[in-house]
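Number 42 in the numbering used here belongs to position 42 of the sequence shown; there are no gaps in the numbering.
What the hints contain is simulated information worked out from the structure, not anything from laboratory work.
Mixed in with the good hints, there may be bad ones.
Said to hold, decoys possible - Lysine-lysine pairs mimicking BS3-like chemistry, simulated, CA-CA at most 30 Å apart:
1) Lys-177 to Lys-219
2) Lys-45 to Lys-175
3) Lys-175 to Lys-52
4) Lys-219 to Lys-179
5) Lys-52 to Lys-205
6) Lys-219 to Lys-175
7) Lys-135 to Lys-175
8) Lys-175 to Lys-215
9) Lys-214 to Lys-234
10) Lys-135 to Lys-55
11) Lys-26 to Lys-191
12) Lys-55 to Lys-191
13) Lys-179 to Lys-191
14) Lys-26 to Lys-234
15) Lys-191 to Lys-52
16) Lys-45 to Lys-179
17) Lys-234 to Lys-191
18) Lys-55 to Lys-215
19) Lys-191 to Lys-205
20) Lys-52 to Lys-214
21) Lys-52 to Lys-116
22) Lys-52 to Lys-234
23) Lys-135 to Lys-45
24) Lys-135 to Lys-214
25) Lys-116 to Lys-191
26) Lys-191 to Lys-175
27) Lys-215 to Lys-234
28) Lys-205 to Lys-223
29) Lys-52 to Lys-215
30) Lys-26 to Lys-223
31) Lys-45 to Lys-234
32) Lys-116 to Lys-215
33) Lys-135 to Lys-191
34) Lys-177 to Lys-26
35) Lys-223 to Lys-135
36) Lys-234 to Lys-116
37) Lys-177 to Lys-191
38) Lys-55 to Lys-179
This one's a predicted model, so the numbers in the text were calculated from it and none came from an experiment.
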Amino acid sequence: QLYCLQTQRLYLEDKKKENNLVKQYKGREIYELLQNIDDAAEDGKDCIASIKLDKNDLIISNKGKPFTISTLQRLCQGGVSEKDDKYIGCKGIGFRSVLNWADEISIYSGNDISVKFSREYAQNIYNELITGDAKEHINNQSLELERRGYDSSYPIFRAPLYIEPIDREFDTVIKLKIKEDARENINESLKNIDENILLFLPHLKEIDIQFEEKKELNKTYSKIYEPGNIISIKINE
1 QLYCLQTQRL
11 YLEDKKKENN
21 LVKQYKGREI
31 YELLQNIDDA
41 AEDGKDCIAS
51 IKLDKNDLII
61 SNKGKPFTIS
71 TLQRLCQGGV
81 SEKDDKYIGC
91 KGIGFRSVLN
101 WADEISIYSG
111 NDISVKFSRE
121 YAQNIYNELI
131 TGDAKEHINN
141 QSLELERRGY
151 DSSYPIFRAP
161 LYIEPIDREF
171 DTVIKLKIKE
181 DARENINESL
191 KNIDENILLF
201 LPHLKEIDIQ
211 FEEKKELNKT
221 YSKIYEPGNI
231 ISIKINE
């Protein structure tokens, strides 16, 4: 409530920014995730991406530099990057494109980060705000949002909720609880990945894609370095 009272239009601008970014990156979700994984590469470690689609979830895992409290804060703030740092990782504005596919995003990374963002929790925050000291302020902004064609809800990435960690073999695991109306789009995106994307992701060595319900579609894309500065892309065997 203090956040809303002290910032005249920040709630309004955050919601507009989140909606616009999601639209801007529509159709690029999988490539934004792969770019973030490439950015998270660490010297001396193979950079590997694992993507698994099961009945309800899309799980993206990678080996590389994990989230920190600082990078989590940047994800929550939105539009704030670390261009001077070597690591950008899964906190850039492009990561927000996953809201096209999911209303619930869980992130497990390193030793410290186990956090969930969800539309349900963000709505709970919003409900508290409109009954508190910021009621009039929030209601005015909500009306303006609706007049401009936006839904008057709280920005999802402004509402982190800490959750229990999970056992994992990867440095970072991101779990998306997928929207039913996004399932076909996710299927098509994973089936139609252009293997040549590996040529433009200098650190990423392998992309492993698994379909829990259609195992015949499983594929592994691997980058092979050959003499003469030649790079080959191997698909399965």
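Item checked: Straight-line alpha-carbon gap Lys-135 to Lys-175, limit 30 Å -> 34 Å, violated
Exercise for the section: For the pair we were handed, Lys-234 and Lys-191, check the Cα-Cα distance against 30 Å. Expected result: 16 Å, holds
Checking one constraint from the list: CA of Lys-135 to CA of Lys-55, max 30 Å. Satisfied? Violated. Lys-135 to Lys-55 sits at ~40 Å, over the 30 Å cutoff.
| Taking only the CA atoms, is the gap from Lys-55 to Lys-179 under or equal to 30 Å? | Roughly 11 Å between the alpha carbons, so the hint for Lys-55 and Lys-179 holds.
Quiz item: Given the hinted pair Lys-177 and Lys-219, is their alpha-carbon gap at most 30 Å?
Solution: 22 Å, holds
For the pair supplied as a hint, Lys-45 and Lys-179, is the alpha-carbon distance within the 30 Å limit?
-> Measuring from Cα to Cα gives roughly 34 Å; hence the hint is violated.
Practice task
For the pair we were handed, Lys-116 and Lys-191, check the Cα-Cα distance against 30 Å.
Solution key: 27 Å, holds
Can the restraint linking Lys-52 and Lys-234 be considered satisfied, given a maximum Cα separation of 30 Å?
Answer holds: Lys-52 to Lys-234 is near 19 Å, not above 30 Å.
Checklist entry - Lys-45 and Lys-234: Cα distance at most 30 Å? => result Roughly 20 Å separates the two Cα atoms, so the pair holds.
Measure nothing beyond the straight line between the CA atoms of Lys-175 and Lys-52; if it is 30 Å or shorter, mark the hint as holding.
-> The hint holds at about 10 Å.
Notebook entry, point to check: Is the straight-line distance between the alpha-carbon of Lys-177 and that of Lys-191 30 Å or less?
Noted result: 19 Å, holds
### Query
Given the hint that Lys-205 pairs with Lys-223, does the C-alpha gap stay at or below 30 Å?
5 Å, holds
Checked against the numbered hints given earlier, the structure breaks hints 7, 10, 16, 23, 24, 33, 35 and 36 and satisfies all the rest.
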